[in-house]
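Please model the entire structure based on the sequences and the hints provided.
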Amino acid sequence: MVRALALLVLLLAACRVEHGLDRPPADFREAPPPKLQVKQSFDPDTGKLAHEWTQLVFVDRRPLKDGREVKYFANGEKLCEGEWKHGEKHGAWRFYYESGAIKSETFYGDRRTPTTMTFWHPNGQISLQGPAINGSRQGTWRLWRKNGLLAEEGPFVGSVREGAWRVWSEDGQSVSEIVYSKNVRVSASSPTPSEPVWAEPASAPRTEDAPPEPSSPPAPVEPK
Numbered sequence: 006m007v008r009a010l011a012l013l014v015l016l017l018a019a020c021r022v023e024h025g026l027d028r029p030p031a032d033f034r035e036a037p038p039p040k041l042q043v044k045q046s047f048d049p050d051t052g053k054l055a056h057e058w059t060q061l062v063f064v065d066r067r068p069l070k071d072g073r074e075v076k077y078f079a080n081g082e083k084l085c086e087g088e089w090k091h092g093e094k095h096g097a098w099r100f101y102y103e104s105g106a107i108k109s110e111t112f113y114g115d116r117r118t119p120t121t122m123t124f125w126h127p128n129g130q131i132s133l134q135g136p137a138i139n140g141s142r143q144g145t146w147r148l149w150r151k152n153g154l155l156a157e158e159g160p161f162v163g164s165v166r167e168g169a170w171r172v173w174s175e176d177g178q179s180v181s182e183i184v185y186s187k188n189v190r191v192s193a194s195s196p197t198p199s200e201p202v203w204a205e206p207a208s209a210p211r212t213e214d215a216p217p218e219p220s221s222p223p224a225p226v227e228p229k
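As numbered in this note's numbering, the sequence shown has no gaps in its residue numbers, which increase by one up to the final residue, 229.
You may find that some hints are simply not true.
As the list claims (entries may be wrong) - With a cut-off of at most 25 angstroms between alpha-carbon atoms, the simulated PhoX-like pairs for lysine-lysine come out as follows:
1) K151 / K83
2) K94 / K83
3) K70 / K44
4) K70 / K40
5) K70 / K53
6) K83 / K70
7) K40 / K90
8) K44 / K94
9) K90 / K151
10) K53 / K83
11) K90 / K44
12) K70 / K94
13) K70 / K90
14) K83 / K44
In case anyone wonders, no lab produced these hints; they're calculated from the structure. Treat the numbers as computed from the prediction; the structure is a model and nothing was measured.
Here's what the structure looks like:
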């Protein structure tokens with residue numbers, strides 16, 4: 006019985022080969038592997054390099070950024086730099102001021118483990134810092150004034166303020182508390198603390214194909 010079954014399997018396999026049943030269709034063609042392409046754009050006024058990146062080019066779908074990307078200010082200083090991996094940000098991304106000083110640093114790629122996200126004042130002092138998961142602020146953050154004194158401390162959930170935030174006076178002595186619900190101030194200790202310090206400066210101008218800059222925390226909303 007076993008020998009008969011084995012013989013039957015062999016006969017069926019031979020028939021499939023003879024009649025071309027195991028062959029792909031005549032018009033079947035495997036897509037060629039993607040090609041790595043270097044792209045550049047230049048400032049129309051100065052002719053200087055403004056943006057360069059690498060991407061994977063496919064024959065059957067849109068290109069995917071893969072590899073290093075750098076964008077420059079008109080004066081030649083870097084505006085931002087980072088890496089892409091198959092169309093997604095990967096590793097450290099850094100933005101700079103036009104002076105060349107670092108402005109922000111964010112880490113991408115790990116969607117489970119928190120990493121430290123940091124913003125700086127133009128004078129080099131840290132302005133905001135705390136944990137983030139793939140660019141989304143989560144957990145306790147701290148904000149500092151330009152003179153280095155701590156200004157605020159409190160939790161973010163999904164990049165918006167949630168829960169109790171402590172606020173220090175400009176001289177760093179007195180402490181007040183503000184409670185937020187989804188970025189809306191719901192209560193404050195007495196005396197009412199001064200407005201929070203959102204020290205992150207405005208984002209630098211960019212073109213549509215430039216990577217977005219990590220935004221500073223949204224301004225708190227007063228209850229109606």
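Going through the hints against the structure:
1. As the CA atoms of K151 and K83 are separated by approximately 23 angstroms, the hinted pair is consistent with the 25 angstroms bound.
2. With a C-alpha separation of about 18 angstroms, the suggested pair K94 and K83 falls inside the 25 angstroms cut-off, and the hint holds.
3. Of the pairs offered as hints, the one joining K70 and K44 holds, with about 10 angstroms between alpha carbons and a cut-off of 25 angstroms not exceeded.
4. Among the hinted pairs, K70 with K40 is consistent with the structure: their alpha-carbon atoms are about 11 angstroms apart, no more than 25 angstroms.
5. Only pairs whose Cα atoms come within 25 angstroms are accepted, and K70 paired with K53 is accepted, the gap being roughly 22 angstroms.
6. Taken as a hint, the K83 and K70 pair is honoured in the structure, with Cα atoms around 19 angstroms apart against an allowance of 25 angstroms.
7. At most 25 angstroms may separate the alpha-carbon atoms for a hinted pair to count; K40 and K90 meet this at roughly 14 angstroms.
8. As the CA atoms of K44 and K94 are separated by approximately 17 angstroms, the hinted pair is consistent with the 25 angstroms bound.
9. For the proposed pair K90 and K151, the alpha carbon gap of about 36 angstroms is over 25 angstroms, so the pair is violated.
10. Our distance criterion of 25 angstroms between C-alpha atoms is met by K53 and K83, whose separation comes to about 12 angstroms.
11. At roughly 16 angstroms between alpha-carbon atoms, K90 and K44 fall within 25 angstroms of each other, so this suggested pair holds.
12. For the proposed pair K70 and K94, the alpha carbon gap of about 9 angstroms is at most 25 angstroms, so the pair holds.
13. With a CA separation close to 7 angstroms, the supplied pair K70 and K90 stays within the 25 angstroms bound.
14. Proximity of K83 to K44 is assessed by CA-CA distance (about 17 angstroms); at most 25 angstroms being required, the pair is judged to hold.
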